[in-house]
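**Q** Sequence lines, in order, name chains L and D. Using the UniProt record's numbering, you'd call the opening residue of the first sequence number 1 and step up by one each time. Using the UniProt record's numbering, you'd call the opening residue of the second sequence number 1 and step up by one each time.
Watch out, some of these pointers could steer you wrong.
[What the hints assert, rightly or not] Far from chain L by the CB rule (all over 10 Å, computed), these chain D residues:
id: 1; residue: PHE62
id: 2; residue: THR115
id: 3; residue: GLN190
[Unchecked claim] Calculated cross-link-like contacts (lysine-lysine; reagent style DSSO-like; alpha-carbon spacing at most 30 Å):
id: 4; chain 1: D; residue 1: LYS120; chain 2: L; residue 2: LYS364
id: 5; chain 1: L; residue 1: LYS352; chain 2: D; residue 2: LYS128
id: 6; chain 1: L; residue 1: LYS436; chain 2: D; residue 2: LYS76
id: 7; chain 1: D; residue 1: LYS119; chain 2: L; residue 2: LYS175
id: 8; chain 1: L; residue 1: LYS445; chain 2: D; residue 2: LYS161
id: 9; chain 1: L; residue 1: LYS352; chain 2: D; residue 2: LYS76
id: 10; chain 1: L; residue 1: LYS364; chain 2: D; residue 2: LYS119
id: 11; chain 1: L; residue 1: LYS448; chain 2: D; residue 2: LYS23
id: 12; chain 1: D; residue 1: LYS119; chain 2: L; residue 2: LYS81
id: 13; chain 1: D; residue 1: LYS76; chain 2: L; residue 2: LYS275
id: 14; chain 1: D; residue 1: LYS3; chain 2: L; residue 2: LYS448
id: 15; chain 1: D; residue 1: LYS76; chain 2: L; residue 2: LYS445
id: 16; chain 1: D; residue 1: LYS3; chain 2: L; residue 2: LYS491
id: 17; chain 1: L; residue 1: LYS35; chain 2: D; residue 2: LYS3
id: 18; chain 1: L; residue 1: LYS578; chain 2: L; residue 2: LYS625
id: 19; chain 1: D; residue 1: LYS23; chain 2: L; residue 2: LYS212
id: 20; chain 1: L; residue 1: LYS445; chain 2: D; residue 2: LYS23
id: 21; chain 1: D; residue 1: LYS76; chain 2: L; residue 2: LYS349
id: 22; chain 1: L; residue 1: LYS352; chain 2: D; residue 2: LYS114
id: 23; chain 1: L; residue 1: LYS352; chain 2: D; residue 2: LYS161
id: 24; chain 1: D; residue 1: LYS161; chain 2: L; residue 2: LYS448
id: 25; chain 1: L; residue 1: LYS448; chain 2: D; residue 2: LYS29
id: 26; chain 1: D; residue 1: LYS114; chain 2: L; residue 2: LYS35
id: 27; chain 1: L; residue 1: LYS445; chain 2: D; residue 2: LYS3
id: 28; chain 1: L; residue 1: LYS352; chain 2: D; residue 2: LYS119
In short, the hints are calculated from the structure, not lab data. All C-beta atoms, glycine included, are put in the ideal place defined by N, C-alpha and C.
So you can see what is in the structure, the chains are spelled out below.
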Amino acid sequence: MLWILLMARLLAVIRDNKKHRKTPNIFSMLSNYIKTTVRNLRRNKVNTLINITGLTVSIACCIVVYVFIKNEKTFDNFHSKASRTYRIVFDDKTGNNIEHGGYVSFPVAKALRIDFPQLENVTQVYVRNYGVIQIPSANDTRKLFDEQEITYADEYFFKTFDFQLLAGNKDNILKSPDEVVLTKRLADKFFGKEYADAYNRVIGKTIIINKKPYRISGVLKDMPRNSNIACNMLLPFKDFERNNAATMQNWIDTYSEHYVFVTLPENYTPQQFDKALIGFKNKHLPGEYAKRITWHPQLLTKVHTDEMYGGTYYATPSVLIIAFITMGIIVLLTACINFINLATVQSLKRAKEVGIRKTLGSRKYQLRLQFMIETFVLVLMASAFAVLLANWFLQQFNQYLLFIVDLGLHIDFSIILFLAILGLIITFFAGYYPAKVLSGYEPAKALKGGIQAKYTSFKSRFSLRKVLVVTQFVVTQLLIIGTIVVASQIKYFYSKDLGYDKTGVLNVEMPGNDEQKLELFRQTIVRNANVRDVSFSSGPPTSAGNGFGNIRLPEAPAADNITMERKFTDNNYLKTYKIQLLAGRDLWENDKVTLSDSAARYNILINNKAVTALGFASPEKAIGKNIIINDRDVATIVGVTKDFNNAALQNEVAPCVLFYGTNWVSTAGIRMNRINDAATNDFIQKAWEAVYPDNIYKSMPLDEYMHKKAFYVLEDIMYKGFKIFVVLSIIIGCMGLYGLIGFLAVQRQKEISIRKVLGASAKKIVYMFSIEFLWLIGIAFLVAAPLGYLAMTSWLQGFAYRINLSPVYFIAAFLISLLIATFTVSFQSIKAAVANPVKSLRNE
Amino acid sequence: MIKISDLEKVYRTEEVETVALNKLSFEVKDGEFVAVMGPSGCGKSTLLNILGLLDDPDAGSFLFNQIEVAHFNERKRADLRKHNIGFVFQSFNLIDELTVFENVELPLIYTGVKTAERKKRVEEVLDKVQIMHRRNHYPQQLSGGQQQRVAVARAVVNHPKLILADEPTGNLDSNNGNEVMQLLTELNEQGTTIVMVTHSEHDARYSHRIIRMLDGQTVTENILI
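Chain D extracted, bound-state conformation (with noise of 0.2 Å):
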């Protein structure tokens, strides 16, 4: 599914270079689920918005199912990502102004699914998150457990073969932050692969593999299964 090698990303301001990616390189496997751990400043945060195609890297590849997205244009990494990939992020980057069903009708929106279609997914995914009975309240309204379940689901509505999830747990207490752990696992279970950025070796349990990183380079691999 996702293939990198030697990708180099460096942060220029007028007199300071922060190099965030140094040669990097690794695999990630069809149905994979990988966590990736390492202090702060080590890359991890810059590796995940390249591999969601949020930002280029300076050199280096990316195949992404085979393809080489490494200079996509805007236009072109745009339409990739809201066809292939889900997000989940640490602060569960809900829209305010939108209500918890809106909110995850967003991306069929901007896929094209017709409004029935849209229902009927949006429904489906919020009542397997179990937070049907909140569709209509808006993220304001929720508990952090709560809108990051509604964040999960966003990032499934789609079906997307690929989710990248940004420390999902670490605004959340225990219970809750197992809950959506538990709901991760699932969707691996169900096909999907999952890129997982941690701080918590707790978290990282439940995947296949880590890949710790140090410095904008992998240090080691651990296989867990």
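Just chain L, with the same shape it has in the complex (with noise of 0.2 Å):
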């Protein structure tokens, strides 16, 4: 703002002065403010350094939070008809309680499309996002490959979205269920260089895709990134259709990334369809279900950030966002405390311009002009190195955090104007003030050499000085505090006693519930010595997503259905993974069965958090009793164990039902005796591969698989983000720590060389030096402790299973500042120390 009314002021001084003829030659005093800058910036070399490194770190940091958020921003939004495309999501309303989702049941595109004619398109997908490939070639050894998101689109997607095509034609494509669309990626992966640039002739071609046969009817150019439909492959939702016949008929089970999209045409508004959409759900939803559920648009380009109804595969946490953008802030605040401190520290050196440039006409404006070019001269130049930091900080981002985005960096319009903007902020954060006082100087006295280091002494109680050094400290220990306890609680969830012994068990992934391969599978392994127990089911005790369903004692009404996770594992699913048993039995061979659409009974196993959900009084008490699972099966309970960790640390043990369920096998447990054995690891593997040989093979020691895959993956990122954020906002804030010693030792050299001839010793010097910031340090930590404690208890609350906060994590926040900082002030200090006093004193 004040940027703004100088650069006002100063066009009103230039018309003003072309009025009385006397115009002060706008190009030749920028000229000269250049010069000046320009010479000024290499005499003072340290200096110009610390400013340029650390204004470069920052304003790269600040590019890739830009570049990042931007690409949260802009996702969907480059299809030309995104402005008038919506996805179709539900409230569900029992109760008090509403569900939000952004699904719907598989009926309902096609229902849209004979319901309301003057809807322009409708498209679904259904992200399937796994397969095995084959591609037959002609020698014959077939090649697998392992791949991820598969979607399947109906022949209506590319009316909707505009992804490029490089071969095939857009209306004519995914209109038979055994065809299938590749993008170029694939296309190069799966068929060669040779065909590259080619790729009409692969047009034609058959791949097989979990051992069907699909003939190529299209490539696809790479999808963009910031897509919630990118994928890396599109199959015809006809050959959906083929193969779950029942399943197109039900409108009321709704399956997760199944998208409904719907492009409304130029004069009917959402508000309209909306309306409309009422009528449709209570024409085609049962009774009950119509009373809960409505159907809503939801803008394309707002499906990314939305968090009510869930983005897509790719939403970005806005924690993360928020995260970011805060670091950011922080690394640029460092930076810009690091220019005030040292430019005023410096101004007394610049005094005597001041007031030689005053004393020949030049008047206040001209010379805060003057300082503020200054500023912005060197923000520019940080900025150039900014943009070549950013793009090597972005590739780092994109491998370092395992991102699922793929930033780049693209110079474009949005990029400079950020980058201006930017520039113009800083510049008056970090150049306003200096200018103000440098500008402020009388010039009889600056030429005097009487300026008095008013705003650079620490003696005054308080200065602007002292409290931009407390706030750098501040800044720092809050970040090192924000680093112990991410780190702590992450290492808590490594080290956590999660009910069962994760060690010892290797995860191998199945491809299918055969139970004559199980079998055989199982029966080759156990030939193994130290191979101990082998267990199939639906995923390892802590695992996402192994289905909910509702649990009720057979006497209670449908409104007392608790929720709870429902696990498929065999009779030896305890015994593998070490789960203790509190009651009852553990499952037995004739446990066995096979779900199917009418109810059935069976026995079942619950945890201790179930018997006390359903009201059983003990585990001993719930065993024998009957139970009634989603509404309609009869479970008998046969056993109860201990409660096990069988969701992310992030939540409480939920109640869970394990059966003997053959429908859903997607894990293998074996327990070893030596984990890390190669051989046998070689021996599973070839057992493996002889079952399934047109599948690959997958494993990896179960405590491996809980690090690595699933539930901490945005802790890591928080706890891998604050590591680097802390190590650059250290060494900014060291640095200016250092130039600003630096100076202080210089102006107060003649203090020092009185107190030495006196006979103060070298040690007394450093001491007195270092005591004026060790008392800053204590200060920033009387702010900081309070406010670390704050912002982490509130991070822990999004944790079941925490970490209490120690006074040893802020102890050592201070200890480690403490450290960095007399490290820092040491090296200055020691040099105005040991100097010989007799130099300065002629000097003066």
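Got two chains here, separate frames each, mind docking them using the hints?
**A** Structural data, given as structure tokens:
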């Protein structure tokens, strides 16, 4: 703002002067300023280096944050019909509880097309996400590929979304159930370089996906990563329809990752459509559901950042975005503080120049402008370096943070505008105060060297300098506290007793439910002496998404249903994972059941949490009792297990039902005597590949799987981010401190010399310097500790299982900042302390 | 050109009050060369700062070309200063980051002289003080006498009506000192009014009139010509 005022003032003066025929030639003035600036920067090399480095790093951080956020905010806005395209979302109201979701049941899309002929287009996608692909080749050594991000899309897909085809015909694609559309990346991977840029030759070739042949009908340009529906391969929705006839008629069951998009015509508002959807759901949903559920259109470009209805696969939690913005601002703040400190402390050196310029007729605003321009030149140089650095940062960012986005730096108008605005903001924040101080010097005093060290002294009780240095220490200490706490919480995750034994178990992904194959695999591997137990299940004890359902006592009304997690296991599950049985017995071979659509009776295990939730007095009391699962199946409790963490530690242990179900096997847990035995692992892999020759073997020790796969991705990213920003902000802060002390030491050289002449030892002088900073670090700690406590307490609230905030974390942060500061200060103060006093006294 | 009457200036700190000028009055006519002498602390420099519009008086009147300027605001003072007054200091006060040429050019930039005209005038004046050959040097690369000649060049480049010189030879040896005094005399002969503060009786003899000060007041005036 003030910058604008200053510019306006400048323009007014130019106009004013034109009237009076006394134009101070603006270009001559600017060139004079820039000349002085450049020579000044060259002369104060250390100072310049500190400022440029700090500004470069912080501007680079800001660019990274900007690119990250821009990527977040531009999801799917590149489709020409984006402003008229909506996702159908639902609200499901039961009692006082409303659930939201961005997915709908399968018949919706077709019915919309029939009931709303005025809609420009309706399309649906179903993200399938996994497949094993074989490329038949001439010499019949079949190549296997394991691919992610496979999506079913219907023939209307390209009428809504502007993904570009490199080969194939948009209007005639995805219409038959046996075709497939590949991205360029996959086409290159499957067929090699010889087909690159000649994708027409790929059309018509057959590839085998999950053992079924598909004919390639199109090759897509790789989809931009800022799309919610980006994928690697499109399968025709007709293929899904063909194999799921019943699901296609089922209006009640919904599947996450199944999305319906409508494109409204120009003259049809989303409000009108929203209203019309009421009649639509009343027509199609059965009575009770029609009352509970409402459907709404949600603008396509809002999908990604929406937390209520849930984004798609690529959604980034807002806490992460806020964390990154905050850290960007913090690093920037540190660099600005450095700049202000160094500029004001150096201002005494510039006092003479100010005096001369004023004597020669310079006005205050001209001087202010001059010093602002100096700052601006520095910021400009830093911005140029920052662009290069940011590019490198982004490459690291993509790799190091294992990000689900693919960020790149593209120099376009928006980033230049961003840099320009950022540059002006930094110039103003960093440059305004020093410019004000400098331009305010009285010329007569400045020339006589009579400017008191008012702005540069540490003596006065409250100087801006002190406030700035304290602020810097507060920031540093906060970041250190944050890092320590996040690291401790993550360590706690990995070391907490989960209620079962996660060590010594190999986790192997299984491709299907075929009982004969499973049995064959089991029998082969148990022959190895190193293998102790094998269990097939829907997932290890701690795993997300094993299916949820409801349980209640037979006599209780449906309203009393309790949400539970349902695990498909077998009679070896407890043994393999060493889960303790509190009452009753384990599952037996004859408890095995294959679920179908009709009601069933079977035996189950429940965990202790479910015992309490169902209202049994003790585990023993639950044994032999029946409960109702999903308002349909009657299940008899035959055993109760001790609670184990079935969900990630952000969440409480949930009520859990384990039963011997054959429908869903995705994991084999293999307990071994020695987990890292290469021969055994090799043996298991060979056995597996013999049973499943068309699939790709994937295994990982369970504890490693827990680290890598699933649960603490966000915390991990946060921790890594914290570490980076801590290091950056400490380095920038230290550089500033180093420069600051250097100047103060020079300034106080006379005092130091007199003290030395009077008998002070070098040690005393170093102490004298250090003690001032120790005070400031102490004051900073008084601010940082409660702030850090509040921030970290609120962060830890997000975890059902969390560490206690011990004072040790805070003391450690204090000591670390103390150590760093002392180290930095001592460099310069020792230099000042051992200097020959006679030299500096003579200079006086 | 200058008429001051009953000029007062008091410096105050928390504990001490120092009277720098005590009802000082005198006049300087157009084309005069006046030397101001007196012991340290008698108020000479304060007087020069007020005459140069670098400082305000607390009371009294200051007529510059018949205009009362005692209470001009900073903007007006800066305007008046840059068009009418040139300064020469004991410690030269050149800007270290600018070359000889750029230092001398600076007042012309502030008064808005066009580039070509600036070049011409700067070269003219550098020629006059015989420092043309060092035009692209930085002040640190020059001897004291050379630096002071640059400072004089800077003071006169704008054709000021008044030059204020604060012990212009104080940091120079006698040869260089005489050269600078010669320069000032020439300028005076061409019509520039000069007020010079000095400790040197030798230098004072170059002037037309010596004003002797003590404790913020004029004690005597010696007319030399």
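**Q** Work down the list of hints and note, for each, if the structure agrees.
**A** Okay, the hints, checked on the actual structure:
1. PHE62: Check passes; 15 Å lies beyond 10 Å.
2. THR115: violated (6 Å)
3. GLN190: holds (21 Å)
4. D:LYS120 x L:LYS364: holds (28 Å)
5. L:LYS352 x D:LYS128: holds (27 Å)
6. L:LYS436 x D:LYS76: holds (20 Å)
7. D:LYS119 x L:LYS175: violated (80 Å)
8. L:LYS445 x D:LYS161: holds (24 Å)
9. L:LYS352 x D:LYS76: Holds. L:LYS352 to D:LYS76 sits at ~22 Å (cutoff 30 Å).
10. L:LYS364 x D:LYS119: With Cα atoms ~26 Å apart, L:LYS364 and D:LYS119 stay inside 30 Å; holds.
11. L:LYS448 x D:LYS23: holds (24 Å)
12. D:LYS119 x L:LYS81: violated (63 Å)
13. D:LYS76 x L:LYS275: violated (71 Å)
14. D:LYS3 x L:LYS448: Holds: D:LYS3 and L:LYS448 sit about 26 Å apart, inside 30 Å.
15. D:LYS76 x L:LYS445: Measuring from Cα to Cα gives roughly 20 Å; hence the hint holds.
16. D:LYS3 x L:LYS491: violated (84 Å)
17. L:LYS35 x D:LYS3: violated (40 Å)
18. L:LYS578 x L:LYS625: holds (25 Å)
19. D:LYS23 x L:LYS212: violated (110 Å)
20. L:LYS445 x D:LYS23: holds (23 Å)
21. D:LYS76 x L:LYS349: holds (27 Å)
22. L:LYS352 x D:LYS114: holds (27 Å)
23. L:LYS352 x D:LYS161: The hint holds at about 25 Å.
24. D:LYS161 x L:LYS448: Satisfied, since the Cα-Cα distance of roughly 25 Å is no more than 30 Å.
25. L:LYS448 x D:LYS29: Status holds; Cα separation ~28 Å.
26. D:LYS114 x L:LYS35: holds (18 Å)
27. L:LYS445 x D:LYS3: Holds, at roughly 24 Å.
28. L:LYS352 x D:LYS119: The hint holds at about 25 Å.
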